[in-house]
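Chemist: Position chain B against the provided structure of chain A, taking the given hints into account.
Quick mapping for you: the protein sequence lines, in order, are chains A and B.
According to full-length UniProt numbering, the first sequence is numbered sequentially starting from 1.
According to full-length UniProt numbering, the second sequence is numbered sequentially starting from 1.
Treat the hints as calculated values from the structure; they're not laboratory data.
Accuracy of the hints is not assured; some may be wrong.
Calculated cross-link-like contacts (lysine to any residue; reagent style SDA-like; alpha-carbon spacing at most 20 Å) [as the list claims (entries may be wrong)]: (1) Lys243(B) - Tyr221(B); (2) Lys146(B) - Asp6(A); (3) Lys127(B) - His174(A).
Each chain, letter by letter, is given below.
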Amino acid sequence: MVVSRDGTLSSTEFYVAASAFSEQWRKFNSALRQWSWVPSPKRPWISHNQEEGYLSVENVILPELNEEGHRDGDLIEKEECGCAEEDEFIDAAVLIQNDDAGARQYDFHVVYSACYRVPVLYFRAYCSDGQPLLLDDIKKDLPLNSVEQLTRSRWLFITQEEHPQLNRPWYTLHPCGTSEWMKLLQHNDDSAAQGEGIPVDKYLISWFSVVGQVFGLRIPLEMLNLGGTQ
Amino acid sequence: MVMGDKGGGTEAQQYVWGGAIPLQIHLHDSEVTTLPPPPPALILAPRIGYLPLLVPQIKPFFSSSLPPGVDTVWFEYKGLPLKWYIPTGVLFDLLCAEPERPWNLTIHFRGYPGNILTPCESEDSIKWSFINALKEAAYIINGNCKNIMNMSQPDQAELWRSVLNGQLEVYLRVSSKLKLDIVGDDFSLKLNSSTSKSNQGVNDLDATGTTRTGRVPVRLYIRTIDEDTDDLEDAPAIGSWEKVSYINRPVEVHSEGKCFTLNDALKVLLPELFTEASSTNAHTSGAEVEGGQRSDGDSSRSPGETGAASNEHSQLPSDGAEIKLVRIQGIKPQLEIPFSWVVNNLMNPDHYLHICVYVKVLEPITI
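For reference, chain A alone in the conformation it holds in the complex (with noise of 0.2 Å):
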């Protein structure tokens, strides 16, 4: 079982990693937009092989709060679990409900870092007709507590970057500060106080509990369980 002991991957374990992911969100989220792998487009003088390429969903609406603060029609579970973090995103405060808005979409890619040596989440949003959202008009669309930590944090921030496989400008989570909270999950682990790091195919799962929160998504706690206890 290969582990990643300092918060990093390898591009081969990132593929490893994606694919675990996706298959693990295929069994616990099968009724919710499924993450599919995209190849690198191929270069006569670039190795073509599967491994390149990146994780992506896309058309996602995210869940809308209302005014308990729960999420109508969430299939995801809300078991509560005794993650800390778990703990300080269900205190969410009260959003008021804009049933104005249209429905926008938001797409995700998931795409290996070779500098980081970490996954980094890029996104765009759209409304229905098609018409890309600005960053300002995002955050509205997120839980308070997650903008709030965007504004606060020096290592969980957006910034507008070129999409490393499609040259066009997307948002993302800026990757630099990942390998530190990675590491500090894996210390949360139990697993982990064995002195082994996480493995590598559950890295994404413990990943995505952080990335996910920032736009509402919640990871199932099976599929949380599952990172944390194999």
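Modeler: Quick look at chain B alone, frame taken from chain A:
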């Protein structure tokens, strides 16, 4: 970057920092509201700088001709919007197959192509793009970017000003606090024997603070030319950024007694362009490397780790692809040159080595 008593840096660094490209900048026809149209602006642009930094110099030439509206400045070369976050010298090396002097660019003050270029709202956008690249480089070299994150505001401002004003000496003094030294191999240390003592001193300090990764920040820009183009002068202009491949991948240097050359670095980044059998390629000229013929059949997959790439090769999809030209800071270096020398002397202020590679392929690329 070479640190130490020579405050002004190496001779090569001084040439790099003093490097400039003559630009002849034309206002786009759609934005000309006067007759006759304004004459082009002649500007000398620092290689290590960024195009939007030139706007304060350029604007006075054209302001009386502009239509009403808010400025959103962007540059274009033969129809290709120019990515402002790529240093000017790299854009020139990549887009002008045969150096064009002066380099004729078109400037727009309206109609920013936001679907192609990330926004550039002010000098601060450029500064933060630069700082982000520096953080990335720091992470590659040290395994974290804490020295950048913890830079004081005055130091940050002074570092950026040194880039704006092309002040190598100030840059070296401020950036030495970031401890972004790339470990040289023995060959490099011998060449720089006069600084070896201070290098050891720096390493002593680093022993408590950070871990050397042995990785070098490299950004590779690859364009293809077809087989029939014998003269680079005849290479067609690049009409879209899809025609350029950009590889942002560090090079892991193995100091195993043998000198790690620029050729070795390119093998790590573009293993398919080098023959499987030979570790030392015969060269018809210093700047050209023959791809050679390879038999089809089972070959090991290309690994994800760049460090291991030198030991394995994937099957070459298109026989006969070869490196036609390598350009760094406007020069065509001999590929046998020690990579550590190239890095320490030809690096940009963002602590990246930007390499432009022209690859000759048998068929025109249709993407």
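Chemist: Under the constraints set out in the numbered hints, which ones does this structure not fulfil?
Modeler: The structure conflicts with no hint, since it agrees with every one listed earlier.
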